[in-house]
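Turn these sequences into a full structure, and let the hints guide you.
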Amino acid sequence: MLQYTLRRILIVPFLLLIITFASFYLTRWGPGDPISVIAGQIRDPEVLERIRESEGLNDPIYVQYVRWLGDAVRGDFGESYIRRGFSTWEVIAPRLWVTGQLGLAALAVIFPVGIFAGLLGARLRGSWLDPLLTLSLLFGAALPGILVIAVLQWIFAVNLSILPVGGWGGWIDIIWVGGILAVPIPDPHIYIPLAAYTIGGFVGVARLVRAGVLEINRTDYVRTARAKGLDEFTIQRRHVLRNALLPLVTIIAFSLAGIIEGSIIAETLLGIPGIGSFLFQAIGSRDYNAIQALTVIYASAFIIMNLIADLAYSLVDPRIKTGNS
22 MLQYTLRRIL
32 IVPFLLLIIT
42 FASFYLTRWG
52 PGDPISVIAG
62 QIRDPEVLER
72 IRESEGLNDP
82 IYVQYVRWLG
92 DAVRGDFGES
102 YIRRGFSTWE
112 VIAPRLWVTG
122 QLGLAALAVI
132 FPVGIFAGLL
142 GARLRGSWLD
152 PLLTLSLLFG
162 AALPGILVIA
172 VLQWIFAVNL
182 SILPVGGWGG
192 WIDIIWVGGI
202 LAVPIPDPHI
212 YIPLAAYTIG
222 GFVGVARLVR
232 AGVLEINRTD
242 YVRTARAKGL
252 DEFTIQRRHV
262 LRNALLPLVT
272 IIAFSLAGII
282 EGSIIAETLL
292 GIPGIGSFLF
302 QAIGSRDYNA
312 IQALTVIYAS
322 AFIIMNLIAD
332 LAYSLVDPRI
342 KTGNS
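For any residue, its number in our numbering is found by taking its place in the sequence shown, counting from 1, and adding 21.
Calculated directly from the structure, the hints in this document are not laboratory data. Treat the hints with caution; some may be incorrect.
The following label-pair restraints were derived from C-beta to C-beta distances [to be verified]:
1. Ala-162 <-> Gly-121: 20 to 28 Å
2. Leu-69 <-> Val-204: 51 to 59 Å
3. Tyr-46 <-> Val-179: 37 to 45 Å
4. Asp-151 <-> Val-33: 37 to 45 Å
5. Ile-195 <-> Asp-241: 16 to 24 Å
6. Leu-31 <-> Phe-301: 27 to 35 Å
7. Phe-301 <-> Asp-208: 17 to 25 Å
8. Ala-129 <-> Leu-164: 32 to 40 Å
9. Ala-162 <-> Asp-241: 56 to 64 Å
10. Gly-77 <-> Ile-195: 13 to 21 Å
11. Glu-70 <-> Phe-301: 26 to 34 Å
12. Trp-118 <-> Phe-35: 27 to 35 Å
For every residue, glycine included, the Cβ atom is placed at its ideal position computed from N, Cα and C.
If you want it as structure tokens, here you go:
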């Protein structure tokens with residue numbers, strides 16, 4: 022286990038090196054540069070060229086990358102071209118917390134809902150409700166996030182006017198009752214993005230749980246437990262659920278990484294000031310420094326979540342071996 026963990030950790034810098042160089046090259050290979058954005062009304066080619074020279078944008082790509090890499094290793098991702106006078110990290114840090122709040126809230130809803138739907142699907146197998154539930158799950162999995170958000174906005178914000186169209190106000194609001202008792206309630210801004218994440222995320226959990234429960238119910242040790250006279254509740258709790266929920270350990274890590282990736286669409290459409298909407302803005306403005314910093318964040322999230330998933334699964338299930346063992 023220790024050798025496997027160390028080997029995986031040692032691979033991380035090489036993966037980040039490949040990913041960041043690919044991103045670095047592709048952003049500079051396309052047309053335009055951030056100078057045309059930050060220069061504003063300046064149209065004098067000589068002035069623009071002097072600005073590019075001062076920013077080091079005329080140097081060969083490999084020289085620019087080595088310079089950026091040296092700064093990035095020290096935690097310096099440069100100044101944001103979108104918000105001049107602020108470092109890239111100063112702009113990203115508060116947005117990263119917003120995306121993190123949404124991601125954690127989504128996980129807290131996705132897994133209970135998904136586990137319940139999966140157990141219900143296994144329980145209803147063979148009944149007339151089984152195909153209806155299966156089709157509902159497939160329909161939910163096929164819905165694009167853009168459509169889900171648009172429908173939720175149209176229903177709850179435009180027609181019913183009970184939720185805001187977009188924006189962000191944090192997780193909770195505090196209501197004071199009688200000026201003495203503080204009552205926390207969910208902030209209205211969180212419902213639409215949370216519902217969009219849940220609809221797109223719980224389906225995979227439900228299908229995995231349903232398949233796991235049905236498969237384990239057919240195993241020999243479950244048949245043996247029934248033959249010994251154990252009641253069904255004990256069998257399901259001790260033998261079936263415990264083993265059927267093991268794969269969720271890996272799904273949790275990948276779900277969080279998927280939520281971070283999906284934040285680009287959700288945050289942009291809903292005007293949420295997270296890293297997803299900022300990445301969309303950075304790409305449009307050719308903010309090289311911001312794009313590179315966000316590439317490191319996204320790549321690190323996927324790599325770390327993948328490593329955690331592998332290690333956690335091998336810990337909770339002794340049958341899974343890592344490395345050469």
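When you take the CB atoms of Trp-118 and Phe-35, is the distance between them in 27 to 35 Å?
At roughly 29 Å between Cβ atoms, Phe-35 and Trp-118 fall inside 27 to 35 Å, so the hint holds.
Starting from the hint 17 to 25 Å, judge whether the C-beta atoms of Phe-301 and Asp-208 obey it.
23 Å, holds
Holds or violated: the 13 to 21 Å window for the beta-carbon distance between Gly-77 and Ile-195?
48 Å, violated
I want to verify a distance hint. Is the separation of the beta carbons of Asp-151 and Val-33 within 37 to 45 Å?
44 Å, holds
Can the suggested window of 27 to 35 Å be confirmed for the beta-carbon pair Leu-31 and Phe-301?
For Leu-31 and Phe-301 the Cβ distance comes to about 34 Å; the hint holds.
If you check the beta carbons of Ala-129 and Leu-164, does the distance land in 32 to 40 Å?
21 Å, violated
Has the hinted range 20 to 28 Å been met by the Cβ atoms of Ala-162 and Gly-121?
Hint holds: Cβ distance 25 Å, inside 20 to 28 Å.
Taking the CB of Leu-69 and the CB of Val-204, does the distance hold inside 51 to 59 Å?
57 Å, holds
At the C-beta level, are Glu-70 and Phe-301 separated by a distance inside 26 to 34 Å?
Once the Cβ atoms are compared, 29 Å apart, the range 26 to 34 Å for Phe-301 and Glu-70 holds.
Return holds or violated for the Cβ distance of Ile-195 and Asp-241 against the range 16 to 24 Å.
55 Å, violated
Using the Cβ atoms, figure out if Ala-162 sits within 56 to 64 Å of Asp-241.
32 Å, violated
Using the beta carbons of Tyr-46 and Val-179, state whether their distance is inside 37 to 45 Å or not.
Once the Cβ atoms are compared, 43 Å apart, the range 37 to 45 Å for Val-179 and Tyr-46 holds.
The structure is inconsistent with the numbered hints 5, 8, 9, 10, although it conforms to all the rest.
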